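Visitor: Below, each chain spelled out in residue letters.
2 protein chains.
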Amino acid sequence: MMEFHLEARDPKTRARAARFITDHGEVSTPVFMPVGTIGTVKTLTPQDLSDHGTQIILGNTYHLYLKPGMNILRKAGGLHKFNAWPGPILTDSGGFQIYSLDDLKKITEEGVSFRSHWDGSLHFFTPESVVDLQRHIGSDIMMVLDQCIANPSDLETARRAHHLTVSWAKRSRQHFMNTEEIYNHRQYLFGIVQGGIYRDLRRESMETLMEIGFDGYAIGGLAVGESAEMRNEVTEFCTDILPEEQARYLMGVGNPVDLLDSIERGMDMFDCVIPTRNARNGTVFTQNGKLVIRNARYKEHMIPLEKDCMCYTCRNFSRAYIRHMFNVNEVLALRLATIHNIYFYMKLIRDAREAILNGNFSAFKADFCDKYSNTGN
Amino acid sequence: MMEFHLEARDPKTRARAARFITDHGEVSTPVFMPVGTIGTVKTLTPQDLSDHGTQIILGNTYHLYLKPGMNILRKAGGLHKFNAWPGPILTDSGGFQIYSLDDLKKITEEGVSFRSHWDGSLHFFTPESVVDLQRHIGSDIMMVLDQCIANPSDLETARRAHHLTVSWAKRSRQHFMNTEEIYNHRQYLFGIVQGGIYRDLRRESMETLMEIGFDGYAIGGLAVGESAEMRNEVTEFCTDILPEEQARYLMGVGNPVDLLDSIERGMDMFDCVIPTRNARNGTVFTQNGKLVIRNARYKEHMIPLEKDCMCYTCRNFSRAYIRHMFNVNEVLALRLATIHNIYFYMKLIRDAREAILNGNFSAFKADFCDKYSNTGN
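Protein sequences appear in the order of chains A and B.
Under our numbering, think of the first position of the first sequence as 2, with each following residue one higher.
Under our numbering, think of the first position of the second sequence as 2, with each following residue one higher.
Next comes chain A alone, as it looks inside the complex (with noise of 0.2 Å):
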């Protein structure tokens, strides 16, 4: 079992802070991880990663198998020693990415086969063969092969999900548990629990995926388009259930009030292309809201993305000089946004933890959110 321990309780609220012990390091919860999709965090080098405050990255094991395949991958001694980030990775098992392909894939009882998007070939995944996958992978976090669906979906595409992912669950664990890792350090599998917007699908979900027994239970199907009020409603509604001394980690969340919302109801772990993919089309967040930098109001703005920000960044370029960067398309513009919205999102978590070990959580959020509502740049 994957060690983990809470530290503190927020007294209002359901928020907590934990950590989780990997062979790659400890982790801080809440925490939110970069996504990291074919091996590398877009525009940043490790380094970059580390400086800026991150403990934990995530790849995706349906990118990462098409390219650069699994045998790069095994010759090089796992994705740690591929991409030099010496800290902690979850992969995805590739279920949301193969939902994301549409007319790509087909789903049956024994498995998914799908068309790369990379060149239209034929592959098959299976529960089995997708723990495999993670292992040539080496991450310190598995996924199971889940499916996911759009929201909202009708009962029965949505009991038809959940059986199938709860079923796909059984084969995961159980092809975990006949398998070992393949490089020197432990893996964990995480379960992920679907049910659309369904209480009782999602109880039961939970119900099984606990009785198969993870490391951690994800909340998958979430962030496919229902408001953020049933979100927030179906988060609730399982951390009532899943067990309190285990991660909690939601999948594919979010903007930074999302995920305050989300650890005000007891979730610990986050990944979101929003901050990096945001920054690569010119959005930078600050505390006073979203800026799009390559607009001409900041032409001539000598100040920083963000006042008193500490990143490298605005320790070192205006407003201004990012913006010219944009404008003359020098790519350098795609890396500085990005270690800015990188740094804002752990420094946003870490402030979360910090207000959870002072107890004064509802008090942080409010602060937060009114400021970030503002957008007074």
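Simulated from the structure, these hints should not be mistaken for laboratory data.
Errors might be hidden in some of the hints.
Because identical chains cannot be distinguished in the list, a pair is counted as satisfied if it fits within a single copy or across any two copies.
What the hints assert, rightly or not - Computed list of lysine-lysine pairs in DSS-like fashion (alpha-carbon distance at most 30 Å, straight line):
{"no.": "1", "residue 1": "82", "residue 2": "348"}
{"no.": "2", "residue 1": "291", "residue 2": "82"}
{"no.": "3", "residue 1": "300", "residue 2": "68"}
{"no.": "4", "residue 1": "106", "residue 2": "13"}
{"no.": "5", "residue 1": "82", "residue 2": "308"}
{"no.": "6", "residue 1": "171", "residue 2": "107"}
{"no.": "7", "residue 1": "82", "residue 2": "300"}
{"no.": "8", "residue 1": "300", "residue 2": "106"}
No experiment lies behind these values; they were computed from the predicted model shown.
Go by the hints and put chain B onto chain A.
Guide: For chain B alone, kept in the frame of chain A given last:
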């Protein structure tokens, strides 16, 4: 006059080691200046540059004039403040960029009118306005506006360009003397020798420029179509005549062997887009020649771009990983390859300087060229 101190002369060649002094720091020569056309050495931060041995960078007046424009540079407090590069900056006058615009330019005795490559808008540069622009940029070393021609050009074309260039050089120096720096540091002005491949013109050009008197002398109109043999001949002819106690800058050169050829003939300063542009195309330099990292043969090479190289890229990543990043269009690849190439160039020049100080430049050069032509990657 810019302080310039000769430190050593190679006993067997004209190679020389020296240093010159600017208000943003001393520069040891021979020196290679990475090209930061529009404010940024593409893909790199100032930190990347200084971590990998860069002493001085180049900016382009033409490009900076168009974007971000002088108002913004003035508001920023000059280019050093804008791009956060704390070391010396040399700016090209725009002569070469305008030369490259082909149909978009019109040259008269008064100056040159040209159309912006961004939006086709019409602009006019004079020798005087180009000095003013560089006052606004705040470069440590400014270059006079010159007329560059292709090689080969007929004698009449070369003569006209040479006459215009020296006439402009006089006006540039005059205007330089009549104006002052805008920011709190000294600025110097270099003359540019033109004359194509014609010795009489080159001689006349140098004699006139030396009579006018500049802080250093550049050889222009090379690396524009002539053979390496012809370039070496012109370079050697020029260093026969140029003053010993001042800096000599060979503009736009070149490949590693070109640099050593030119150092051997007594040149001190170099700039070229080759290391940075090649990197972004996936071509990296090693002691054993160039290596096209996108090539499938490197797919499973779990060794660095170059054995024992101490750059960030080689200390952390394999050829296989860098190839993978190029293969999936990950922009971090561009930066990692650029870091390596800049480090390679800086180390080459540092080693050349060391050899000059040790009095064995010829042996060093022979060794390098022997290995380099071997292409054993």
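Visitor: It remains to establish, for every hint, whether it holds in the given structure.
Guide: Comparing the hints with the structure gives:
In this homomeric assembly, residue 82 and residue 348 come within 30 Å of each other (Cα to Cα) both inside a single copy, at 27 Å, and across copies, at 27 Å. For the homomeric pair residue 291 and residue 82, the shortest alpha-carbon distance between copies (25 Å) is at most 30 Å, but the shortest distance inside one copy (36 Å) is not. Taking identical chains as interchangeable, the C-alpha atoms of residue 300 and residue 68 lie at most 30 Å apart only when they sit on different chains, with a minimum of 11 Å there against 40 Å within one chain. With identical chains, the CA atoms of residue 106 and residue 13 are never at most 30 Å apart, being 45 Å at best within one copy and 71 Å at best between copies.
For the identical chains of this complex, residue 82 and residue 308 are inter-copy neighbours only, at 17 Å across copies versus 37 Å inside a copy, given an alpha-carbon limit of 30 Å. Within a single copy, residue 171 and residue 107 get their C-alpha atoms as close as 21 Å, which meets the 30 Å cut-off; across copies the closest is 76 Å, which misses it. In this assembly of identical chains, residue 82 and residue 300 lie within 30 Å of each other by CA distance solely across copies; the values are 15 Å between and 42 Å within a copy. For the homomeric pair residue 300 and residue 106, the shortest alpha-carbon distance between copies (29 Å) is at most 30 Å, but the shortest distance inside one copy (46 Å) is not.
Hint 4 alone, counting from the list given before, is not met by this structure.
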